[in-house]
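> Sequence:
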Amino acid sequence: MTFPLDLYVLVADLDQEQAIRALIEHRTASLGIRSGRSEVKKHPQHDGGCFRQAPDLLRTMQSQAAHALVVFDREGSGAEDKAASEIEAHLERRLDASGWNGRARAVVIDPETEIWLWSDSPHVATALGWTAGEADLRQWLTAQGFLLAGAVKPARPKEAMLAVLRETRVKPSAAIFAEAARKVGLDRCQDRSFLRLRDLLRAWFPRETASS
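Residue numbers (this note's numbering): 371 to 582.
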């Protein structure tokens, strides 16, 4: 069956929309996938709306997209008492029962989208307006109690990001996530949810190999 879209992505907010659109439109080589026709839409009721309503909302897309992804934060989903993997499995059972039959999958970011932003890349500091460089930014985060010694990511990623933006006087914006997604080396991000997203895309859209 031929579909108008290769991929439809339902996300919880504009930050996720901008980040994922940048990834699938500009970073196909880094992700190890082929390019395709995609659409990314945000749910007006954010994380909880994605978790509760995705199967019904995506029902009309079953004939329009070969595959679908539902991406949202564990924080704010209404299912914070469950692990991210449990939330994913629960939603995927409902998606399968609604008619997707394995073509739709969920990616739950734990605790929230900002965890994807934090890596040891100099592009993170640039995106946040920190002109002294990545090493200096990490020292500041450690001094402020956001980053434990030896850790790669702050335990409270959103609070850490907002604190940095207050310090640099940069307005919070989805453009920060888009810039990081376009520039940060993807092999630097070892977050479970990001790796799940990458692996799902690779399984669905493998890179085309030259014929011999």
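Because the hints were derived from the structure by calculation, they are not lab data.
Check each hint, because a few of them may be wrong.
[What the hints assert, rightly or not] FRET-style restraints, in silico, Cβ to Cβ:
hint, residue 1, residue 2, range
1, Glu578, Glu409, 19 to 25 Å
2, Gln560, His460, 22 to 28 Å
3, Glu578, Leu375, 16 to 22 Å
4, Ala513, Gln434, 46 to 52 Å
5, Arg539, Asp466, 36 to 42 Å
If you're wondering where the values come from, they're calculated on a predicted model, not measured in any experiment.
Glycine included, each C-beta is placed from N, C-alpha and C at the ideal position.
> Could you run down the list of hints and mark each one as holding or not?
Checked hints:
Against the hinted window of 19 to 25 Å, the Cβ-Cβ separation of Glu578 and Glu409 comes to about 22 Å, which satisfies the hint. Roughly 25 Å separates the CB atoms of Gln560 and His460, a value that falls within the hinted 22 to 28 Å. Take Glu578 and Leu375: their Cβ atoms lie about 19 Å apart, and the range 16 to 22 Å holds. Between Ala513 and Gln434, the C-beta spacing of about 50 Å keeps the proposed range 46 to 52 Å intact.
Remark: the range hint 36 to 42 Å for Arg539 to Asp466 is contradicted by a beta-carbon distance near 47 Å.
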